[in-house]
Amino acid sequence: MSASAARGQAIRSNLIKIGAVTRFLLRVLGQALPALSRPRLLIEQIYNAGARSLVIIMLCGLFVGMVLGLQGYDLLARFGSESALGVAAALGLIRELGPVLTALLFAGRAGTALASEIGLMRATDQLTAMEMMAVDPVRYVVAPRFLGGFIAMPLLTAIFDCIGIYGTQLIGVVMMRIPTGTFWSQTVNAVELRDIREGVIKSLVFGLACSLIAVYEGYYAEPTAEGVGLATTRTVVTSAVMVLMLDYVLTAAFL
Amino acid sequence: MSDRTEVSSQPPLIDVQDVHYAVGTHSVFSGLNVRVAVGKITAIMGPSGTGKTTLLRLIMGQIVPQSGRISVFGQDVGALKRRELYALRQRVGLLFQNGALLTGMSVFDNVAFPVREHARLPEPVLRKLVLMKLQAVGLRGAAELMPSELSGGMARRVALARAIVMDPEVLLYDEPFVGLDPISKGVILRLIQSLNKTLHITSVLVSHDVQEISAIADHTYLLSSGVVVADGNPAELKQDASAVVHQFMTGAPDGPVPFHYPAADYNAQLLER
Chain A
1 MSASAARGQA IRSNLIKIGA VTRFLLRVLG QALPALSRPR LLIEQIYNAG
51 ARSLVIIMLC GLFVGMVLGL QGYDLLARFG SESALGVAAA LGLIRELGPV
101 LTALLFAGRA GTALASEIGL MRATDQLTAM EMMAVDPVRY VVAPRFLGGF
151 IAMPLLTAIF DCIGIYGTQL IGVVMMRIPT GTFWSQTVNA VELRDIREGV
201 IKSLVFGLAC SLIAVYEGYY AEPTAEGVGL ATTRTVVTSA VMVLMLDYVL
251 TAAFL
Chain B
1 MSDRTEVSSQ PPLIDVQDVH YAVGTHSVFS GLNVRVAVGK ITAIMGPSGT
51 GKTTLLRLIM GQIVPQSGRI SVFGQDVGAL KRRELYALRQ RVGLLFQNGA
101 LLTGMSVFDN VAFPVREHAR LPEPVLRKLV LMKLQAVGLR GAAELMPSEL
151 SGGMARRVAL ARAIVMDPEV LLYDEPFVGL DPISKGVILR LIQSLNKTLH
201 ITSVLVSHDV QEISAIADHT YLLSSGVVVA DGNPAELKQD ASAVVHQFMT
251 GAPDGPVPFH YPAADYNAQL LER
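Residue numbers (the working numbering), protein chains in the order written: chain A, 1 to 255; chain B, 1 to 273.
The reader is advised that the hints may include incorrect statements.
[Said to hold, decoys possible] Simulated pairs of lysine to aspartate or glutamate, EDC-like, Cα-Cα distance not exceeding 20 Å: (1) B:81 with A:195; (2) B:185 with B:169; (3) B:81 with A:131.
[Stated by the list, open to error] Stretch by stretch, here's where chain A covers chain B in the computed footprint (C-beta under 8 Å, at least three residues): (4) 98 to 110; (5) 113 to 125.
By construction, these hints were calculated from the structure, which means they are not laboratory data. Because the structure is a prediction, the values reported are computed rather than measured. In this text, a Cβ means the ideal position worked out from N, Cα and C, and glycines have one as well.
Construct the complete structure from the given sequences, taking the supplied hints into account.
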């Protein structure tokens with residue numbers, strides 16, 4: 001096969017995959033309303049994707065904030081503007097680091113759990129059993145998990161941002177002795193609604209992408225141990241690449 | 001031969017007509033014809049890999065044949081829309097080989113699951129219904145256990161309770177005896193029989209356990225190489241003179257179904273450098 005034919009084949013198979021994922025998304029969205037009418041299932045999934053990711057999100061948020069504090073202080077001190085540390089960290093976290101890092105952590109923690117859970121249900125015939133009992137597994141299993149992840153992501157991002165800013169404050173105010181008033185007043189003045197909006201929109205888009213990838217990979221996993229493992233790996237890799245690509249597109253659109 | 005006359009005199013509940021089905025280049029069925037009579041226990045037998053489970057998937061409309069027609073309750077399964085197919089599936093119960101219980105919920109919730117999804121029953125009524133079905137399979141005491149706490153035989157009985165909770169008209173059993181100890185086998189055998197006799201549930205059993213099937217089946221189809229090679233009641237099959245039927249019924253290791261998977265010449269392969 002010539003190089004151009006191989007490239008054509010690759011483009012074609014990628015387009016087919018994108019089409020399949022889009023159709024799956026439409027099918028899931030079509031079942032979103034019935035899923036919303038069952039709050040118990042949905043709350044369970046928000047708990048699974050959100051509350052169970054809290055510890056890792058908070059811990060990472062704290063350390064990312066503290067690193068930002070150290071690096072930011074060192075950098076800003078060169079220009080004699082250490083007092084802007086809070087502004088730099090808050091804007092960096094809210095607009096960029098919060099949504100992106102939360103999404104990457106989410107893909108590693110909740111995304112893999114979703115993909116392997118659904119994949120194992122496929123491998124043990126549970127999804128087929130539902131179909132045979134005339135219950136659509138997309139409605140009962142996939143839609144609540146997808147919505148749970150989609151709802152949890154912005155909440156986790158907000159928590160990541162808050163803890164991150166607190167981490168920076170620990171370094172800037174407690175360690176480096178920037179006056180508390182200066183730190184907070186500058187931060188509050190500099191952060192505008194559009195910064196928050198950028199962060200929220202990013203986290204919503206990432207939430208949709210990561211949740212969709214996880215449930216898709218799980219649902220279409222080969223029903224074998226190896227297949228479920230592969231689906232889990234693909235979830236993390238695809239999510240990470242998609243999040244960073246989408247982040248570039250969204251950042252370019254917002255600037 | 002009375003059984004055959006009965007089969008042909010009534011319109012069959014499940015009618016598989018000249019079905020051809022292939023996966024890629026591998027042909028599974030090439031002109032399969034099976035008729036399941038109302039109220040009877042029909043067994044589908046055959047060596048492993050003859051597509052017995054595939055036949056159940058075809059009957060349930062999970063896969064569609066390349067040609068031929070499968071009708072259940074007079075409806076062409078292959079032509080049904082998803083909604084119609086789901087309506088049909090509410091009238092048919094399927095017992096999976098491994099039970100396929102939902103691992104995230106208790107035995108009680110597993111059995112209650114189809115009812116909760118399809119009917120709005122008040123919780124006390126649902127509770128009574130589920131307990132009655134669990135009592136029928138002898139596992140009322142296990143209602144609060146999780147599927148991971150059940151033995152293989154118990155899991156299959158719970159799955160059976162779940163399959164009958166919607167009072168289906170037909171029950172399909174996929175290898176109901178595989179991997180069970182003799183006691184559990186006996187229990188499942190008795191349950192299949194009593195469900196058929198007391199609730200008049202038409203039963204289709206896919207199995208290769210000759211002894212068990214011979215004990216309960218009204219009519220048996222023997223599949224091999226994608227077609228029905230023999231059918232009749234167990235006594236007739238035992239007397240069938242054809243080599244395939246004889247090999248299967250007596251469990252002979254070699255015969256028309258060869259012991260060896262097709263391979264190159266043995267000596268030549270050993271001597272090659």
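To see whether the hints hold, each was checked on the structure:
Using a Cα cut-off of 20 Å, the hinted pair residue 81 of chain B and residue 195 of chain A is violated, with the two alpha carbons roughly 48 Å apart. Pair hint residue 185 of chain B plus residue 169 of chain B does not hold up; C-alpha atoms about 23 Å apart against a cutoff of 20 Å. Distance check on the hinted pair: residue 81 of chain B and residue 131 of chain A sit about 14 Å apart at the alpha-carbon level, within 20 Å; holds. Check result for the segment 98 to 110 of chain B against chain A: holds, 5 residues qualifying (beta carbon to beta carbon below 8 Å, three or more required).
Requiring three or more residues with a Cβ within less than 8 Å of a Cβ of chain A, the coverage given for the segment 113 to 125 of chain B holds, as 4 such residues are present.
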